[in-house]
Amino acid sequence: MNQLLAVLIDGLIYSSWLFIIAVGLTLIYGVMKILNIAHGSLYALGAYGAASLAGYWINQGHAPMGSFAVMLVAAILVGLIAGPVIERGLLRFMYGKDEIVLVLVTYAVFLILEDFIKLTWGVDPYLLYQPYSLLGSFDVGDLTYPLYNLVLFGVAVLIGVTLAWVLTRTRRGKMLVAVIHDREMAGAMGINVSLVYFVTFTVGAMLGAVGGALTAPMISVQPGIGAETIVLAFAVVVIGGLGSLPGAALAAVLVGLVRSAAVHYRPELDLFAIYFVMAVVLIMRPKGLFSVQEARKI
Amino acid sequence: MDGNFSRPLRTAAAVLAGAALTIVCATGHAQDKPIRIGLVTFLSGPAAGPFGVPAKIAAEAIVDSLNAGKAPAPYNTKGFGGTPLELTIVDEAGGATKQVTELRNLVERQNVDFVIGYISSGDCLAVAPVAEELKTLTILFDCGTPRVFEEASYKYVFRTRSHATMDAVAGAMYLLENRPAVKSFAGINQNYAWGQDSWADFTAVMATLKPEATITSSQMPKFGAGQYGPEISALLQTNSDVIHSSLWGGDLEAFMLQATPRGLFNRSQLVLVAGEPYLHRLTGNMPDGTIVGARGPNGVFAQKSALNDWLRVIYKERAEVYPNYPAYSVVMAFLGLKAAYERARGAGGGAPATDDVIKAFEFLNFDSPAGKVMMKLGKGHQAVTGTAYGTTRTVNGQVTVDNIKYYALERVQPPEGVKSLDWIKSGMKPGKW
Amino acid sequence: MKRDFTVRILFGVLVVLLVAGPLLPRWAMFLITLSLCYGAVVLGMMLLMRTGVVSFGHGLYYCLGAYAAGTLDVLFGVSDIAVMLLAAVAVTGVVSALLGLLLRKYRDIFFAMLSLAFSMILYGLLVKTSALGSSDGFNVAAKTLFGIRIAGTDFERYVIFAVTVLVAFVAAVCMHKYLASHMGRLAGAIRDNELRVEYMGASVRNTIHINYVMSAVLAGLGGAMAAVSVGHIDPEMSYWTTSGEFVFVAILAGTGSVLAPFLGAFIFETIRSFAYEYSPNTWQMALGTTMLLVIMFLPGGLWSLFTRMRKAA
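Chains as they are written, first to last, in our numbering: chain A, 1 to 298; chain B, 1 to 433; chain C, 1 to 313.
Honestly, the hints are just simulated from the structure, not real lab data.
All the pointers check out, no bait thrown in.
With beta-carbon atoms standing in for the labels, derived distance ranges: (1) A/Ser-291 with C/Arg-196: 21 to 27 angstroms; (2) C/Asn-281 with B/Lys-405: 36 to 42 angstroms; (3) C/Thr-153 with B/Ser-184: 52 to 58 angstroms; (4) A/Arg-88 with B/Ser-184: 56 to 62 angstroms; (5) A/Thr-120 with B/Gly-431: 48 to 54 angstroms; (6) A/Ser-194 with B/Lys-33: 55 to 61 angstroms; (7) A/Thr-120 with B/Val-321: 16 to 22 angstroms; (8) A/Gln-130 with C/Gly-188: 57 to 63 angstroms; (9) B/Gly-349 with C/Gly-93: 58 to 64 angstroms; (10) A/Ser-194 with C/Glu-198: 34 to 40 angstroms; (11) C/Leu-101 with A/Val-101: 25 to 31 angstroms; (12) A/Val-101 with B/Asn-266: 50 to 56 angstroms.
In this text the structure is predicted, and so the values were computed from the model without any measurement.
Glycine included, every Cβ here is placed at the ideal spot set by N, Cα and C.
With these hints in hand, go ahead and build the complete structure from the sequences.
In structure tokens, the structure reads:
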């Protein structure tokens, strides 16, 4: 019984993390139809930014609690700089190209940013471990969990609810949904599609960076973290149905629970867990859990 | 659009012309020039920080020092026998196919005389037959898999560090000497060859030395997983006496950061097979009493000697920290090659032929900052050394290692002709050396 | 209609390569060999792209072909290049025919991601198989060709080179003929509009299935030849980055001609090789920048340079 509880808690914590790293990706795909591999780099930039800024903050002897705010600021800064640079400087010249070509464009950006990160921060890992144990911990049975894990859960819920509210309940959100359904028609109705794309990409980039910043205290921030993360985020988004917010949430929970169960009961299967879920879901539902029906063009 | 296409066309033409030019030029081969050494080490990816770049820094430091003739005896001649050295550095990232291509390029396009390189075991296995085909003396400096010389024999390939069997053997010995009452143990190792082999070796050694100890769990997270929440819960619930781990780099650091606050190491004794490179980084997150190794008597385990002092000084000038075990490994490769080269050269001779260097290298004994290295396995191509383990203790906010124990090579390594796993299973009888 | 010189050009290249081979420096010979192996995979990728689907998991067949060739020696003690290539064709043919039953229903990014999932499952299986060296893989040595011993001889590298050149030549000519056939022309029609093809009475799914198997077999052949020429195989061949590289080269090359994949693979390998040498710290940046420049200025891939020149002439 105790083990089942552990599977659930571990699974939900992991799911929260998965949702945070994947939500920006699904938002950008939903609006712009770009499967953004550079999302992995934005995650890495967020982690590096947070590790540097918050690390500096703590080393200067400021109150460690302030490091949470600093991490957030770092992530927002990364999003505000990298998002517009990539979207205005590159992507806007590419709209209208084939989806696969756009994947490659973002892959190229990913490669360039990998070396950019290496040139800026070097290859030595950065550690920002203080915030992880700062909040204390809670016990479930004989297991101890840092409270930071609950923060992850809270942030995941907050991001999910906020985005859902904006998309379905606000005027701007409804405009966004209009663009998702038909870019040309929305443009004809007077919606500034270019601005919508710009804002979406920047917000998506910011979400990616927030994911990185929140992960930084739990890991060693080093070259290659972006590549590892982007595949996971991809899988979650595809399982959920590309561009679907509730889909991504459900997929994150599914993958999180499956991985957690694998680790607890059959650790040797952990390597396959996510791809196994992906293959099974795609075989059962070819377009993912939540998919938008598309019009067929004759 | 038409205005655009002349530029890429010109670029393409330039690339092709450049390629053609290189083909034409890559023929000259002069001998009185510096000795060119190709160094292959990770410059990007997760292995760059803990392994690749320290090795690169150590290689550059030692080449400068050797060229200036400032190394202690017996390495105090300039360069190799008076001829200066020149490094050509290549990134090891990109996989085995890429490394096979790069080795060919290094030898045939860049005309390096010797190659020192390879941290990844997969790369070592892949490049060995190619080095043989190219007839280029190649020293594998850091990879650990015993398969290289247990599955094949080579003329042009050497490895100047011990293979990985001794890491598990000495680790288990040290553990049982300090905690003879171990009843159960679990493992967390990366799900790829290094992690699987380390765990297989360790369980085999434990089965021989302490057959009544039970295995409670074997966690195999994927390489680069980063998130270890479920694994840590599973390990916590086993309440094992001991946790064995061969994690390295960012994965190890992430595991420590996530496991320490959850009290995993209050329940279980941690054994880190390759924990040495991270000690100075994990202050506050490395529990006292952790058993750590450095895959040989390297780094903090290296005993005081003129060579060790020299390496620590020239390395620290460049890196601001003391050298870790990959730095020691690369230095062993350079010093072994230097010793062999100078022995082959003899008194006052010219540059020796590669075959003569090979003859001098086989079964050579030479001194290194980590003590004596003997080329005794793999028909004189595979080095053996003793090794060491120790226990961490935090002193003045710094993680230090005490209770250091050294293990003689015959206790921790199989003799020639016996495969590692067979030797472990048959009771690890010390061989004749 | 313009006259089609493709087969003649291919034959010319074949003769030039076979004659010039022994004169090339060995690193260049190896670079060309490897480019041709990659080129064969990309040729299959090109066929898929012309059909309107893209696989992010073709590493599956590249790897499967290599392991089919490599494990022959481990399991049966067979190390003849011809048998190794045949084994690769057989194994990838069967597996792709089976998976094709499923994949033929998928399009766009879902086709890409489902094939990615399959290739990653193979990767996971191989990493778990310590008998085959886990992630380290193992070395492959081709000892004979049609029973004649080549291992250890002076002409070993040239034989491997020549076999690769011949296989690539045959693959390219067959593909060229196929693309010009009725079935081959359906590919482009499917990409443009599936519904219309169905209304014409052709089966979209069958065509996609057949093309998928053909491209998988080509990838298997490429993998087997790569195994023979590199001499080492490991699960990395099935990792998603390997598959991504094939897509990258296909886009870089363009889908205009069967010559394009081989040219693209050669240019890609050359750029990568020199980038490693001249900027070991920024080779990824160099690669990414090249890719962006090609996509921006040559939307039809490098091949469009040639078609433009022909138009101009």
